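> Dock chain P against the given chain C, drawing on the hints supplied.
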Amino acid sequence: MSSLLRIDDLHVNVEETPILKGVNLEIRQGEIHALMGPNGSGKSTLAFAMMGHPKYEITGGSIEIDGVNLVELDPNERARLGLFLAFQYPVTIPGVKVADFLRHAVTNVRNPDRKEGENLIPMREFRKELRSKMEELGMDIEFARRYLNDGFSGGEKKRMEILQLAMLNPKFAILDETDSGLDSDAVRVVSEGVAKLSGDQMGVLIITHHERLLEFNTPQFTHVMLAGRVVETGDASLAAELHNQGYAGVRERHPIAAAEEEKAAEHVAG
Amino acid sequence: MTTELDAKAAPDIGEYKYGFRDSEDNYVFKSRKGLDAEIVAQISEMKNEPEWMREFRQKSLEIFFQKPQPEWGGDLSQLDYQDIYYYVRASDRPEGSWDDVPDEIRRTYDRLGIPEAEKKYLAGVKAQYESEVVYGSLQEDLEKQGVIFTDTDSALQQHPELFREYFGTVIPPSDNKFAALNSAVWSGGSFIYVPPGVHIEFPLQAYFRINSENMGQFERTLIIVDEGASAHYVEGCTAPTYSSESLHSAVVEVIVKKKGRFRYTTIQNWSNNVYNLVTKRAMAYGDSLMEWVDGNLGSQLTMKYPAVFLMEPGARGETLSIAFANQGQHQDAGAKMVHCAPNTYSRIISKSISKGGGRSSYRGLAKVAKGAHHSKSNVICDALILDEESRSDTYPYIEVDNDDVTIEHEASVSKISDEQLFYLMSRGLTEAEASSMIVTGFIEPLVKELPMEYAVEMNRLIELQMEGSVG
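Protein chains in written order, with numbering that gives the first Met the number 0: chain C, 0 to 269; chain P, 0 to 470.
Extracted from the complex, chain P is given alone in its bound form:
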């Protein structure tokens, strides 16, 4: 009964405190604005990268310039790639313990409640402040089992073979314009390797944070769950409120090998000027399970479609996504499921809420390739529209090159009914409380999948979004 938790147990987000910002004087290095080969070379130089990565970045940059701006999805016309800082480093090296983290950064995290969260059951915390990981810890027993949980830059230096074997194999730079951009300028992100048969019982967590105006954040995450292993990774994002655009364009690659199980949970709450353009994809092998749980709040435009490629028989993929589009926001979110082998199963559950003129779009693909017989795909998308100004669209794409497959698609669009409002209000709830409760109930099937403190945070974020919704 997660929603009954005492609010004290949760990070205090009773007001929008995340709109604070720290002074930027303490930055060790900040690139000039704009994007060209020199900037990219400079990033490699700062990071002292091996030759192959330098080449990879430069090649990706070329692809980025060649690829046209996408014309589907959301409005990207105001996005100026040359008006962005592509690399900022806030601290010289990753810190090993909380006490070593610089005061100012610690204060920021304190306000986000991270130490509190860690005390409870965090296995390791990777907090991304600007473009680098400055703080990380990992429980000893995990290390003993051979689990690697580090930032992606460190992984490149410390685990070069493992890194090179998988990096860019799930999402090559040529996949799309933003994947190419990320491949050229990536910095930070998480690297996780779970050896065969190892089960991590508690969620691995990362907090990401953008703090510098006009600074793009391009984290790159690579996760390998080896045969028969299981893990759950959780990331939550909050960003301060800024007056001009910020770009967030991450790439997340996941490989789940035979009989492995992996869940990737994200809650994002960007400030209203952020472009959030993320490519997330997993390859799921025989009898494995890959789950994306994805909560999207805030941002100016989010385009994000977590994908699972079901590579071998028995693989299963699931995406649960929640989108909340408020005033001035467009959430273009969904999922992709690609069945490449027989007897594979996928499920997409999408819930969106539009309010105050916000727009949410479900965009999803269910694809069954030739030979992937006896596969099954199930898509449910429900939209809740809270007022007349708001908008919801559904763009389901279904491609089937096969007989003997089952594809189910259900979609619904609803409004809060007067009868529901009256019923709750007759029990003493104000109209705002009643609306908020109905919305909370609408997303409950997804929220109950979140770790407890995230569920509390999610519900409180929804309440914040609902405040002042009733005139």
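This is chain C alone, in the form it adopts within the complex:
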């Protein structure tokens, strides 16, 4: 039976301000979902809240994988249950080699009950796998010896996220604007990478402003967020419409949410 990620009436505050106001979403393993919406509609907030960033306070609702509620769990516990977030802005960890970090991460995610200090997966086995995954993604093996995201270009950082996705092989992956800041060649590389990785064993939520990432990863579902809620769900043609025409149509169809959006924008400006 395929796994199910279910978000039910999710409310999230950031520094006391409500950002998500009841988000509902269901993703099955093997499905590709696009999540679109104007700036400030809550897409990245949803991504961070799902992964468990401490700044994003869940005030109501639930996030479940196969019935297990994630809301009270630490990010590492969520990762071990099969959730992955590809960051829009990956963080630099100076002095930590990509290979060392990944070996630790892979060990934990594959052995969810591992205690601190227990053995890591064997070096040889890990290296072999890392090497083959890097070749698959067209990455230079030298990357493994570099410090994590330290001095990486924008494109290199995004590729590093995809490499981590490949090594951790989660049940559900959230890609938070993985295409932002990339030139079209880099977007193609990333898109192809995701297309290769996401088979029927991975559910993918692609957060994007653009259609580019979706060319290689045709979504079965497209969701549109406005003012902290998912206001519409459609198929790939909805993504194409938003790409061509922007969000004016969505705002017209959802005047109440559009008004809230405007109010929130004034609040920020004020």
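Check each hint, because a few of them may be wrong.
[As the list claims (entries may be wrong)] If you want the footprint, here are the derived chain P segments under chain C, 3+ residues with CB under 8 Å:
1) 419-431
2) 437-446
[Stated by the list, open to error] Sample of chain C residues facing chain P (criterion: CB under 7 Å; computed from the structure):
3) H52
4) V70
5) L84
6) P93
7) G94
8) V108
[What the hints assert, rightly or not] Taking lysine-lysine pairs in the DSS-like style, the calculated list, with each CA pair at most 25 Å apart, reads:
9) K54/C - K414/P
10) K257/P - K375/P
11) K414/P - K258/P
12) K132/C - K156/C
13) K156/C - K414/P
14) K257/P - K414/P
15) K58/P - K46/P
16) K447/P - K127/C
17) K32/P - K66/P
Quick caveat, the hints were computed from the structure, so don't treat them as lab data. Here the structure is a predicted model, which means the values were calculated and not measured. Using N, Cα and C, we set each Cβ at its ideal position, and we do this for glycine too.
Same frame as chain C, now just chain P:
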């Protein structure tokens, strides 16, 4: 990729095993507590020393009593010089091979993993157990090349001229109170002489160990690297955990002659009641290179500032230091670089970590004397503070009596950011693992300079320090 090593290759330090102690019944000689002329004379007598050394010790003792207790650095108010044993000898004579070393001492070393380490690539092992060297070996080819690697007491007996020519020339007893103390009661330590043009490819290693409560350890190390020669000396220290104070006050003198290269690597992990007050200094002559690599963990108070005096044009000096101050610990560490000649170069890189209310201070001096034009000094000190209770200070001293010199000083203080923690945790690492990884990365630029097994040990020591850091 040293941190990827299989843990099995390293000494097993998964738990704090170094807190064990052996029974003290087997000691051959132990002086009474306290410090006076009689005790010092007794040490000379036990060691059957020449007259000049007897006088040297007595004179040093006078200097020690005259010099006031330093009031800068750390808190020394609890240190009672009269409540310490100044000389303990655990075995009658230095042993030549591992099999001859007494069982009990061997067991201790086994637990520290020394034979294992030796099997790999040690050239010679000088293991200091209490105040004397009880075990030493040196590869034959080194001996043939004229290299001397022995304990300092033996060197005084066997190489009297060479010894007397250099002993006390880099750090005279009058240099500071602890140098005077060491000069009065020194015992053990390493003596190394590398003849001109000889290159020792593998590190010479020494393990030091304090095992007797209230026993000061005052090793004295003298190293001469002759013209165009090169060597790397490594010492690691672990100490058992004790309830009352222990004093460690070493003096290390190094002379690097023209075009010589020398690196001195130390990892110290003292138990929390040790006062670690060490004077380390090198004289670097024309176009030579002297490097100190210094890792300080544990102890109640460490005051240590490895120095390089750049004596002739083209000399270079470098200090890389790591300090980890945990609960109840004060690491007052840094470096001194003194440019005495033109076109000399120095670099200090210092990384400190404070945790659990620990305090680490960087204290460093970059001095350019008159006439040392076109010299360059570069200082980088980075501090990482892991919680609100901990503390970090920086005391950079810069003295320049010259134009045409370049002095650079960069300092940073940072904390582990929430974003870094979240990123690593989102990949399955626990908060403790993530913090530990960030700290390991912070010191990586220094750890990668260590011999492989020391790098592994250093990283595991850091992991141990980080355990239980997250509530």
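> What hints, given by number in increasing order, does this structure fail?
Numbers 4, 11, 14 - these are the hints that the structure violates, sorted from lowest upward.
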